[in-house]
Structures are given as C-alpha cells and as structure tokens.
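Below, each chain spelled out in residue letters.
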Amino acid sequence: MMNEALIQQIIFDALESLNTELPDDKQIAIGPDTPLFGSNAEIDSLSLVSLIVDVETALNGEHDLEISLTDDRAMTREISPFSDVRALKEYVLELIKEGSHGN
Amino acid sequence: METDRYLGKSIIVTGSRRGVGHSIAEYMLAQGGRVFGFSRGESMISHSNYAHYSLDVGNAKDVQSAFFKISKETDAVDIVINNAAVLTSQYALIMPAVNAQAMVNTNLLGTFFVSREAAKIMKKSKRGGRIINIGSMAASLEPIGDSIYAACKAGVSTLANVMAKEFGSFGVTCNTLGITAIDSDMLAQLPREKIDQIIQSLPIPRYATIDDILNVVNFFASERSSYITAQTVFLGGIN
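Which chain is which? The protein sequence lines are A and S, in order. Going by our numbering, the letters in the first sequence line up with residues 27 to 129, in that order. Going by our numbering, the letters in the second sequence line up with residues 8 to 246, in that order.
Same shape as in the complex, but just chain A (with noise of 0.2 angstroms):
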C-alpha cells in the first residue's frame, strides 16, 4: 500500500542516486523540503529531469503505478509540483488517489 512515508522514500533514494553522479562539493542535502526546482533548488534542470523519471519508474516498475508524472497538468499549475520534495510527494499522492494516469 502506498503512503506519504513510501513515496518521500522514494524520492529519497531519487536523489540519493542523484547524488552519487554529482560531485562532492554539488551534493544535495536531501530533506522533505529540499528545493528542486526554483531560484533556491542547488538541482540543475537536466538533474531534476533525471530526479522526476527515476521516481516514476520506480512508481511504475517497483510498485506497479501506472502514473505519468509530466502530464499537462504537472507542466501548466501556477505552482509547481516539482518545487520541492514536500510538493513532488503531495502530488504523486493526488495522482495515486485519481488514479490519473495522464500523458
């Protein structure tokens, strides 16, 4: 069963992976308010690119979600889903309880 504590996990570990392909001094501090996006993210784009498809295909793969998380909506909110680790989980929660699959 999916819940907040699974999906922050995951995308810990997004960025855990991320981390071990940045250099010592551009780690990230991985926290549930960690910037990822925005003047204050240490992230940069391609990063964040690599951050958003590794959570997704952990959705998909390790725990068969069939979730797009850059669907149209993702892409025009006035606030991005992507700001912040805290926000990045509320929304895949939103897409799990939709059961959005988008595109």
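Just so you know, these hints were derived from the structure itself, not from any lab. C-beta: ideal position from N, C-alpha, C; glycine also. Check each hint, because a few of them may be wrong.
Unchecked claim - In silico lysine-lysine, DSSO-like type, Cα no more than 27 angstroms apart, as pairs:
| hint | chain 1 | residue 1 | chain 2 | residue 2 |
| --- | --- | --- | --- | --- |
| 1 | A | K52 | S | K133 |
| 2 | S | K130 | A | K52 |
| 3 | S | K201 | S | K68 |
| 4 | S | K201 | S | K130 |
Stated by the list, open to error - If you anchor each label on the Cβ, the simulated ranges turn out as follows:
| hint | chain 1 | residue 1 | chain 2 | residue 2 | range |
| --- | --- | --- | --- | --- | --- |
| 5 | S | G244 | A | E124 | 20 to 30 angstroms |
| 6 | A | E42 | S | D82 | 16 to 26 angstroms |
| 7 | S | N168 | A | D59 | 48 to 58 angstroms |
| 8 | S | L14 | A | T102 | 41 to 51 angstroms |
| 9 | A | R99 | S | L14 | 50 to 60 angstroms |
| 10 | S | Q204 | A | K52 | 40 to 50 angstroms |
Stated by the list, open to error - To list a few chain A residues with every Cβ distance to chain S over 10 angstroms, as calculated:
| hint | residue |
| --- | --- |
| 11 | D39 |
| 12 | E92 |
| 13 | S94 |
| 14 | A100 |
Following the hints, position chain S against chain A.
For chain S alone, coordinates are given in the frame of chain A:
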C-alpha cells in the same frame, strides 16, 4: 553465418506488422532477440520470442501504457527501431489536413513518444541502449508531393540528434537510417514511374534491399557502436 547477434537483447520494433518493420522484427527474432512489436493492427508474426502490442504510436497514453506492460516483462530495453510511418503523397495545395496530421502524429510524434518511454527504461536498467530511427531519402531529396512526409523524416533525424545529447549520459545512442525505396506496401501507394526516376538519379541507381537496411541497423545496434550517435546514414549515395 551468425545466428545469435541479438541473443539476450530486448528489442522494440514499431510498425512491425508489414514491410520494413516486419522484416527487421523477423530478422532480430531469427538472430535470437526478444522482440516487442508495435502496430495499429494485429500481429503478423508468430514466434515464441515475439509479443505484439496493437496501438497507435501517435497516442502518448497508449505508448506509455504499452511500456508499462513491457516493463513487467523485461528489466531492459536494449534496442528501439522507430519504423512506424504513414504516407500520403499529394501536392501541398490539396493535401487533406487529416492526412497531414496523421503523418505528423505517427511519423514524428510516434517516434518521440516511443523513444522517450524506451529511454526511461534504458536509464533505469543502466545497460544503455540504441535508438534507431528509420528515416527516408525523402528528407534529403525533398520530392514534390512529399512536403509533410519529408518534413517528418527530416524531423526524426533532428529528434535523434537532440535525444542523443539528452540520453548520452546514460549510454543511449540515437541515430537515423535514411532508407531509399524498397518494394513494400508503402511504395505501392506511389506512382512507380516517379520512384523509378528518382532511383535512376542516385549514385547507386537501384532499389534498396532488406539486407542493405539490416546492414546499417546492425551497425547502429552493435555494442561496438557506443561512440556512434546523432548520425544519419543514407543508403544509395544520398547525402
């Protein structure tokens, strides 16, 4: 003669029901590969290592759903052959909008949707991958009547070139094979005289064979080709 070139490889072939896609899929199966075929119609291939997905590659949701199912069947996608295409040859002034839209959806967006979903699995598998787009001589020759088709085929080269930059960091190469005319259902839709005339103007004035196509596909798909990306190779001396 080699018979296991694709042993242990999982391969997606779009447009696998007929023509070039069908031949590529059968060849890769004969070479030990596991093939997942996409086409709008039902399967025309019966083989224990073949799984068919009836879908429209121009529909992002259908493509995503197919890859979701494929990810349950295999941990990796090693090779993608983006071959699915539709063709309406008509003067631009009288080209029906619906036919123009269909070409963009299948030939260009279909290639985009399939490539990006495959790349997600390739990234996760950490095995890299090969994305091979089937282009066309039309992209270079720009024949009258093929405005949208030629633009789409030029577009798939550009898609590959950009994706090569985006996917290179996780070992995925993206290339395009620009094929010349080959006897197929698609060719039968065109006036033979017009195609003969084009073929006669080529440096090597003959129709392509499936072996010509497989030769370049094998090159791009080879594990040794990890340093070959963002390239378009035309058959028959076109450049």
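Hint check:
Among the hinted pairs, K52 of chain A with K133 of chain S is consistent with the structure: their alpha-carbon atoms are about 22 angstroms apart, no more than 27 angstroms. Between K130 of chain S and K52 of chain A the CA atoms are separated by roughly 22 angstroms; this keeps the pair inside 27 angstroms, and the hint holds. Of the pairs offered as hints, the one joining K201 of chain S and K68 of chain S is violated, with about 38 angstroms between alpha carbons and a cut-off of 27 angstroms exceeded. For the hint pairing K201 of chain S with K130 of chain S, the CA-to-CA distance comes to about 44 angstroms; that exceeds 27 angstroms, so the pair is violated.
In this structure the supplied range 20 to 30 angstroms is violated for G244 of chain S paired with E124 of chain A, their Cβ-Cβ distance being about 54 angstroms. At about 21 angstroms, the beta-carbon gap between E42 of chain A and D82 of chain S stays in the expected band of 16 to 26 angstroms. Checked against the hint of 48 to 58 angstroms, the C-beta distance between N168 of chain S and D59 of chain A comes to roughly 39 angstroms, which is inconsistent with it. Range check, L14 of chain S to T102 of chain A: about 46 angstroms between beta-carbon atoms, so the 41 to 51 angstroms window is met.
Evaluation of the 50 to 60 angstroms hint for R99 of chain A and L14 of chain S yields a failure: the beta carbon distance comes to about 43 angstroms. The hint said 40 to 50 angstroms for the Cβ distance between Q204 of chain S and K52 of chain A, and at roughly 58 angstroms that hint is violated. In this structure D39 of chain A is separated from chain S by more than 10 angstroms, as the shortest Cβ-Cβ distance comes to about 12 angstroms. With a closest Cβ-Cβ approach of about 5 angstroms to chain S, E92 of chain A is found to fall inside the 10 angstroms limit, against its non-interface label.
A cut-off of 10 angstroms between C-beta atoms contradicts the statement that S94 of chain A is not in contact with chain S; the least separation is 6 angstroms. No Cβ of chain S comes within 10 angstroms of the Cβ of A100 of chain A; the nearest lies about 14 angstroms off, and the non-interface call holds.
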